[in-house]
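Protein chains: 2
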Amino acid sequence: MSEPFTLAVDAMGGDQAPDMVVEGLAIAAERHPGARFLLVGDEARLQPLVADCKRAQACCLVRHAPDVIANDAKVSAALRMRGASMRVAIDAVAAGHAQGVVSAGNTGALLALSKFVIKTLPGIDRPAMAAIMPSARGDVVMLDLGANLACDPRNLVEFALLGDMFARTVLGLTAPTIGLLNVGSEELKGHDQIRDAADILRRSHIACQFHGFVEGHDIAAGTTDIVITDGFTGNVALKTGEGALKLVNDLLRQIFASSLSSKLGYFLARSGLDQMKVWLDPRRYNGAVFLGLNGVVVKSHGGTDAEGFAHAVDVAVDMVTHRFNERLREGIGRLGGVLAQSGAGKPGLTPAISR
Amino acid sequence: MSEPFTLAVDAMGGDQAPDMVVEGLAIAAERHPGARFLLVGDEARLQPLVADCKRAQACCLVRHAPDVIANDAKVSAALRMRGASMRVAIDAVAAGHAQGVVSAGNTGALLALSKFVIKTLPGIDRPAMAAIMPSARGDVVMLDLGANLACDPRNLVEFALLGDMFARTVLGLTAPTIGLLNVGSEELKGHDQIRDAADILRRSHIACQFHGFVEGHDIAAGTTDIVITDGFTGNVALKTGEGALKLVNDLLRQIFASSLSSKLGYFLARSGLDQMKVWLDPRRYNGAVFLGLNGVVVKSHGGTDAEGFAHAVDVAVDMVTHRFNERLREGIGRLGGVLAQSGAGKPGLTPAISR
Chain P
1 MSEPFTLAVD
11 AMGGDQAPDM
21 VVEGLAIAAE
31 RHPGARFLLV
41 GDEARLQPLV
51 ADCKRAQACC
61 LVRHAPDVIA
71 NDAKVSAALR
81 MRGASMRVAI
91 DAVAAGHAQG
101 VVSAGNTGAL
111 LALSKFVIKT
121 LPGIDRPAMA
131 AIMPSARGDV
141 VMLDLGANLA
151 CDPRNLVEFA
161 LLGDMFARTV
171 LGLTAPTIGL
181 LNVGSEELKG
191 HDQIRDAADI
201 LRRSHIACQF
211 HGFVEGHDIA
221 AGTTDIVITD
231 GFTGNVALKT
241 GEGALKLVND
251 LLRQIFASSL
261 SSKLGYFLAR
271 SGLDQMKVWL
281 DPRRYNGAVF
291 LGLNGVVVKS
301 HGGTDAEGFA
311 HAVDVAVDMV
321 THRFNERLRE
331 GIGRLGGVLA
341 QSGAGKPGLT
351 PAISR
Chain L
1 MSEPFTLAVD
11 AMGGDQAPDM
21 VVEGLAIAAE
31 RHPGARFLLV
41 GDEARLQPLV
51 ADCKRAQACC
61 LVRHAPDVIA
71 NDAKVSAALR
81 MRGASMRVAI
91 DAVAAGHAQG
101 VVSAGNTGAL
111 LALSKFVIKT
121 LPGIDRPAMA
131 AIMPSARGDV
141 VMLDLGANLA
151 CDPRNLVEFA
161 LLGDMFARTV
171 LGLTAPTIGL
181 LNVGSEELKG
191 HDQIRDAADI
201 LRRSHIACQF
211 HGFVEGHDIA
221 AGTTDIVITD
231 GFTGNVALKT
241 GEGALKLVND
251 LLRQIFASSL
261 SSKLGYFLAR
271 SGLDQMKVWL
281 DPRRYNGAVF
291 LGLNGVVVKS
301 HGGTDAEGFA
311 HAVDVAVDMV
321 THRFNERLRE
331 GIGRLGGVLA
341 QSGAGKPGLT
351 PAISR
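Quick mapping for you: the protein sequence lines, in order, are chains P and L. So for the first sequence, my numbering puts the first residue at 1; every next one is plus one. So for the second sequence, my numbering puts the first residue at 1; every next one is plus one.
Bear in mind the hints are in silico, worked out from the structure with no lab data behind them. Mixed in with the good hints, there may be bad ones.
Unchecked claim - Taking lysine-lysine pairs in the BS3-like style, the calculated list, with each CA pair at most 25 angstroms apart, reads:
1. P/K277 / L/K277
2. L/K277 / P/K189
3. P/K74 / P/K115
Work the whole structure out from these sequences, hints included.
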């Protein structure tokens, strides 16, 4: 997209902020010439960083925010900090000064502030946190990753519809397959919420995309394009997979450094090994999106570096340039609720989204 | 242990049963000269298999059982099949003809039949499924892996005590550290059940071993020796980790076969790579134990091979030779309930186990 657009960036979120953030924006700017960044945070610290970096200078506008939301801050406290960098960045989206926001700060605060300031899209009960993960058969979208620790069938079905829209618009898939994460693939496995959600999906307009239950190993196998689960399980699964990959990565590093022969071995197999390392690099999958909000909100891992932060910016750019939210809004408006039809929509609840 | 002992083995459980089972016992027999196996299943199929294998012949006694519990059988149906190989094997433990049972069959049926026939130890509310997993800092015990999909604080605390006993007796650790799996390490993270369980553990006699909350990536990092979670999350986490390891393993195989140079590279780094492969081999971690039952019950993965089944037998042998259940029974008798002290013991519930 050649049309310019602006992303608000919380410059103070993340373990190595703000340096990492400014460096990350410089990397992202090269990939997205149309992007402008509203860099929100402590002006006195940000101005010299931006001045030192030609590429950042060309795309960043600094907006001062005196406060920072700590990583261990309670949501209730975060909601009161009107001068926090995260808050000012989100306010910029609500005011129309930016099309999306990226932050590597406190996840709970980012979700709560986004819901409070930007609001949830009409028809969406609860926004979900989604991310792209590597699998043997290509990218997999998984949600929820921690925005909603406990979920009812309605939430899970909504996540399936949000994930479907995300996979279509951002990944460009035409009929992405959907799996519901469970402890077994048989219909009678799992607890009531999951079985009820599966029943609704089987009777919905995306029934032909619904693969049924999938298990933990199906995520990396890429059995389905989309994996749906509650936020507690999704968060644990995401981090468990990342941990397992890190374990192997560390072992391989040790092995290839252990002797002259091993070092030579690495050198000979280098092209494939380096490709795998790049492909599985967690930084490449950095950037979780909150789906279902009235604006683009991307959460970067707090411990990431500039390269990882740039990937989170990529995700926000993808969401904006693919007009994800506009399409989602159209989808909600065009069709009535799957849940209402299925009887899962309780009176008083807004109708479910649909395509 | 030189003293001979007998394990009852469900010869008909598992995708490649009964051949895989008999071969697995032959492998295990070499490692455990004192072990005798009561091989339960279709006599007409088992006798020739045993007759064909000298090592199996020396340690196996075939006991006929006409039926097999299918993998998709409902628990209610399984409970009625008195002639099933799994049932007859469990009956042998209850009758004192064997000190433990190993099965690669239907997990739900194995748990239900074990609870029904062998019974839960007095003082234990619900048995848990535990397994050993590889980590950067050595073996980690994780439970529950699927026996209890939803857990209250009392269950989680009980799992911590069962895991502690397992790590002490079977892994030989003196003061194993315990982590409670959550979506963050901060005290205010997660849902009520986990926070309440953490509160109880912090006030218990194993408080000094309690590390607090751990996250998904802490499993492979080996942050704690024991990871406690509900059966739903544990099952998903276990399989997600296995899936991630399989993904890397498959990629490495492709890389090292992709060119002559890569093949030579593998050859040069071979000793380390092969060591890693053996160390992370899921078969080496095959064999989940049901802790809290009045006998040793080990569940092998249904899709494993003879080598994997032999590892499940190893686990059962370890449990029997380390007299896990006797020690657990002593522990329960010797001390009163952590839960009763903490106020979590509801009236009518049996007192909690303790050391």
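Status of each hint after checking the structure:
1. P/K277 / L/K277: Answer holds: P/K277 to L/K277 is near 18 angstroms, not above 25 angstroms.
2. L/K277 / P/K189: violated (32 angstroms)
3. P/K74 / P/K115: Given that 25 angstroms is the threshold and the Cα spacing comes to 16 angstroms, the pair holds.
In summary, the one numbered hint that this structure violates is 2.
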